[in-house]
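With these hints in hand, go ahead and build the complete structure from the sequences.
Note that the protein sequences, when read in sequence, are chains A and B. Using my numbering, the letters of the first sequence correspond one by one to residues -2 to 251. Using my numbering, the letters of the second sequence correspond one by one to residues 241 to 501.
Keep in mind the hints are simulated off the structure, nothing from the lab. Every value quoted in this text rests on a predicted model; they were computed, and no experiment measured them. Virtual Cβ for every residue (Gly too), placed ideally from N, Cα, C. It is possible that some hints are incorrect.
Claimed, not checked - Pairwise CB distance ranges (calculated):
#	chain 1	residue 1	chain 2	residue 2	range
1	B	L482	A	L228	37 to 45 Å
2	A	A29	B	S249	49 to 57 Å
3	B	L269	A	A45	48 to 56 Å
4	B	Q404	A	R93	37 to 45 Å
5	A	M22	B	V407	30 to 38 Å
What the hints assert, rightly or not - According to the in silico footprint, chain B covers these stretches of chain A (three or more CB under 8 Å from chain B):
#	stretch
6	7 to 16
7	82 to 95
8	102 to 116
9	200 to 208
10	226 to 232
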Amino acid sequence: MSAQRLTTALMGALPILVVLAIWQMLCSFGTAPPSLLPPPGKVFLRLAQQLGNVGFLDDILATMIRLFAGFSIAVVLGVGIGLAAAVVPAINAVVRPLVQVLAPLPKVALYPALIILFGFDHASKVTLVTLDALFPILLSTYYGASMVEQKLVWSALAAGTPRWQILFKVIAPAALPSILTGCRIGLVISCIVVFLAEMISSTDGLGHLLVGAARTFQTVDMFVPLIAISLLGLALNGLLYGLRKYLLRGFPEV
Amino acid sequence: MTFARRIISKLSPFLACLGLLAVWQLAALWLDTESFPTAWHALRTVPQVLGDPEQLLNILDSIRRMAIGFSLAVAISIPLGLAMGRSARVAAFFNPLLMMIYPVPKAALMPIIMLWLGVGDASKTLVIFLGVSLPVIYHAFQGARAVEEKMLWSGAAMGLNGLQRMVRIVLPAALPEILTGCRTGLVLALITMVTSEMIARQSGAGNILFNAMDMAQYDTVFAMIIIIGALGIVLDAAFDKLRWRLVKWAEPHQEILLGAS
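Here you go:
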């Protein structure tokens, strides 16, 4: 079993190594001039250097604050509205058409309006992240909660659970796998959107670093924030995976 | 009764649109600043923007790039995703790499890709391609993985070879899931299109939007938001119709819409 796992891990590491090798080869054979494609060693060295740099850490912190604020608001709103819509038909009648219209809307296009309304600071970026992460979470909560087996609800009622507790004792736990899947998608989206919002207009954050480096043609510094956001996304994804494993212990593997 | 209900459910998206516009109108009247025009005002600017041949050509250019990027991405991602779903080895090979790339904002690669390919069509189409391919691969992968083994065994027993089984059993069985991925990809394509043009600032709908923003032509900003939003909603609705025709036989599947990159 463990040998098989090791092979799987090695197989997975292979393409990443191949990409790095091609990158290195392009640089060392001079196919790509270093001004356009810096060698990977240099990029990772700069990343390591920057991690010791207070200014860089401040930028990462700014990005993370926006990301967490937007994502948390989206989770609270998404799960709340999703559960409410699944349980109360009247709310469903209002929420459903609104979601139908708003979900396919490209939210980035709203960003200029958000800047005008909320200014250049945190608020407009947090709102954009919330808007973008909200719908996947809301939709998966709604589907998860409306697929709960009616028998479970009946059994709980028969066992004497008060009607108002059904939502928290039966429906929410049963919808949990689906909710967490939605959160995972929402998290990836939050990473992407926070970076884009910072690229469009910002004075700090990882996205701003990329734009600044691009304006001065510092190619090495252009790669550093990209790798940083990718690693950040991976780390957060890992955390969410751990949380999912913890919360869903006892559930059949989904 | 059921007839009236059907009409209401058909009309409800339009009612939602009207409601949102009404909220906008009231908010604008209440705030009463020059930088936030009323919904009515923005709607009246839409024909002006679309009537300008230069801007119309710009928007059509954007749509063309999006269509090319989207089609290429779908054509390449579906076979890859299906292969990943049916072979544990292929999945183990590509999965970690894709996991690494997924959280990278594709439009953020724009400045780097611009250095290599210039500001023209090639780099924007490439970015759209990258943005669309990941969700399509992921959903095709999930769909192909869930195909019932028994059907494949029956197919093999009836003498279908590997490729035939892939095309005649796995592809149709995974189609509902693949189309969900494509729908997500469509929204992503639109978003990537806007963002890439916003960064390259050379042509296209995103360029008009953010240039107007920089020049404080707020009417045009909000008119462009309406145009791009309407484009998203119309494309999504059209795709849903298509999906409905193709996979009528499957139950309406969970439809998680992504909206990013």
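- 8 Å C-beta criterion, at least three residues: is the stretch 226 to 232 of chain A covered by chain B: Since 5 is at least three, the answer is holds.
- Task: With 49 to 57 Å as the target window, see if A29(A) and S249(B) comply at their CB atoms.
- Result: Check passed, 56 Å falls within 49 to 57 Å.
- Task: Starting from the hint 37 to 45 Å, judge whether the C-beta atoms of L482(B) and L228(A) obey it.
- Result: holds (38 Å)
- Just tell me: holds or violated, for the beta carbon distance of L269(B) and A45(A) against 48 to 56 Å? Since the Cβ atoms of L269(B) and A45(A) sit about 54 Å apart, the hinted range of 48 to 56 Å holds.
- Message: Verify this for me: three or more residues of the stretch 200 to 208 of chain A with a beta carbon less than 8 Å from a beta carbon of chain B.
- Response: Since three or more residues must qualify, the claim that chain B covers the stretch 200 to 208 of chain A holds, with 3 doing so at under 8 Å.
- Item | chain B over the stretch 82 to 95 of chain A, status - at least 3 residues with CB closer than 8 Å | holds (count 4)
- Item | Outcome, coverage of the stretch 7 to 16 of chain A by chain B - at least 3 residues whose beta-carbon is closer than 8 Å to one in that chain | holds (count 7)
- Item | 8 Å C-beta criterion, at least three residues: is the stretch 102 to 116 of chain A covered by chain B | holds (count 11)
- Task: Please test the hint of 30 to 38 Å on the beta carbon pair from M22(A) and V407(B).
- Result: holds (37 Å)
- Q404(B) paired with R93(A), Cβ distance criterion 37 to 45 Å: holds (42 Å)
Violation of the numbered hints given earlier is absent; every hint is satisfied by the structure.
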